[in-house]
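Q: Whenever a hint applies, use it, and build me the whole structure from the sequences.
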Amino acid sequence: MKVWKGCVAIALIMALLTWNGSAQTSQNVRVTLVIPQPLFIAAVIPSITVEITPLEIEGPQPFKIGDWHVNIDALTPYRLNSSIVTVDTNIFDAGPEDFSTDCDFADDFGVCTDKTSLSDPDPQNRRGFGENTAGLNGADFMGEIFLDIRSWDVSQLPGFYIGVILFTTTDTTP
Amino acid sequence: MTRKILVALMIVASGLSLASGLVAQQNVTIEIGQSLYLDCVPPGQPGDIYYVIQQSDIEAPQPIDIGDWGCNVDAVTQYRLNSQFTLFSAPFVVNADTSDFTADCTSADDYGTCAPNSSLTLGDVDPNTRRGTGYNTAGTDGADFFGNVYVNMGVGPAGWDVMSSQLPVFVTGIITYTVTDTTP
Numbered sequence: 025m026k027v028w029k030g031c032v033a034i035a036l037i038m039a040l041l042t043w044n045g046s047a048q049t050s051q052n053v054r055v056t057l058v059i060p061q062p063l064f065i066a067a068v069i070p071s072i073t074v075e076i077t078p079l080e081i082e083g084p085q086p087f088k089i090g091d092w093h094v095n096i097d098a099l100t101p102y103r104l105n106s107s108i109v110t111v112d113t114n115i116f117d118a119g120p121e122d123f124s125t126d127c128d129f130a131d132d133f134g135v136c137t138d139k140t141s142l143s144d145p146d147p148q149n150r151r152g153f154g155e156n157t158a159g160l161n162g163a164d165f166m167g168e169i170f171l172d173i174r175s176w177d178v179s180q181l182p183g184f185y186i187g188v189i190l191f192t193t194t195d196t197t198p
Numbered sequence: 004m005t006r007k008i009l010v011a012l013m014i015v016a017s018g019l020s021l022a023s024g025l026v027a028q029q030n031v032t033i034e035i036g037q038s039l040y041l042d043c044v045p046p047g048q049p050g051d052i053y054y055v056i057q058q059s060d061i062e063a064p065q066p067i068d069i070g071d072w073g074c075n076v077d078a079v080t081q082y083r084l085n086s087q088f089t090l091f092s093a094p095f096v097v098n099a100d101t102s103d104f105t106a107d108c109t110s111a112d113d114y115g116t117c118a119p120n121s122s123l124t125l126g127d128v129d130p131n132t133r134r135g136t137g138y139n140t141a142g143t144d145g146a147d148f149f150g151n152v153y154v155n156m157g158v159g160p161a162g163w164d165v166m167s168s169q170l171p172v173f174v175t176g177i178i179t180y181t182v183t184d185t186t187p
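Chains as they are written, first to last, in my numbering: chain A, 25 to 198; chain B, 4 to 187.
Just so you know, these hints were derived from the structure itself, not from any lab.
To be clear about the criterion: a stretch of chain A counts as covered by chain B if any three or more of its residues have a C-beta under 8 Å from a C-beta of chain B, and this derived list gives those stretches:
#1 49 to 56
#2 93 to 107
#3 154 to 167
No residue lacks a Cβ here, since even glycine has one placed at the ideal position from N, Cα and C.
A: Written out as structure tokens, the structure reads:
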């Protein structure tokens with residue numbers, strides 16, 4: 025009887041030792057990366073304020089009213105578009121079609137396009153396109169903004185035009 | 004001849020002693036069921052890695068640190084410690100694979116030594132995937148190995164291409180740590 029109890033005790037101890045050891049020579053660790061947003065855009069120049077003087081009226085149309093500059097961080101191929109939206113004006117016939125732009129600089133895998141519209145849909149309002157920018161300080165796109173006032177009819181003074189240029193990035197992954 | 008006589012005398016003496024109760028025999032059996040134990044989630048150390056890619060990670064120099072790893076090894080033999088991806092899934096990130104991930108070993112104690120290799124690539128082999136080596140740790144709390152896991156998201160046309168239509172996008176995988184007896 026004692027021998028039998030001893031055997032049971034030894035068996036239990038052996039089982040416990042095996043259990044506690046959780047003996048393993050390999051182990052798995054899970055890795056999870058979450059990417060909530062692969063495109064980031066920031067405008068890096070202040071607003072544009074221009075006062076029209078006789079110089080602009082006499083000058084060749086369109087004339088430059090300012091610069092634009094955006095920076096894009098991307099984990100995907102993308103395109104960059106910009107359009108102007110009229111917020112308020114008291115000038116007859118003034119509208120987005122009077123504004124145009126160009127893109128004359130792009131870096132870090134960014135490429136400029138030659139489109140100039142600020143009022144038509146893509147691809148007419150496309151400023152450029154680019155690729156993954158990981159490890160870089162983001163792709164910089166720069167250009168100028170122009171205005172053509174040949175169609176304007178200013179009847180109230182002071183005449184004004186207020187608009188907002190929206191820059192958008194779009195994932196172009198096929 | 005003299006030697007044979009001496010051996011015979013010793014056997015006779017031994018028999019006399021046992022018979023007279025002067026000598027007892029005790030059998031000793033030591034069983035070593037396993038010579039290596041691995042615990043890669045030691046108390047106070049990270050286990051799984053969960054990391055959210057932010058804008059600052061895109062701008063940062065690649066690769067970026069996404070988490071730590073730590074393993075504790077109890078050994079009664081020489082060993083090496085390896086780690087690499089054994090499962091990987093990134094269905095919505097074109098160009099992403101396990102070769103974008105690397106690991107280093109920054110600390111090892113109790114006779115453990117870090118290795119300089121960094122590969123975590125699925126299918127790669129030792130010594131590229133070796134994190135360190137070590138020896139018998141009896142009497143110590145086990146050899147602790149620590150390091151970091153990194154990811155490089157590439158750049159340009161060959162870099163990661165995240166599908167914005169599937170946001171948020173997940174990249175998941177399993178890194179398997181193994182210890183192997185290196186006794187020649």
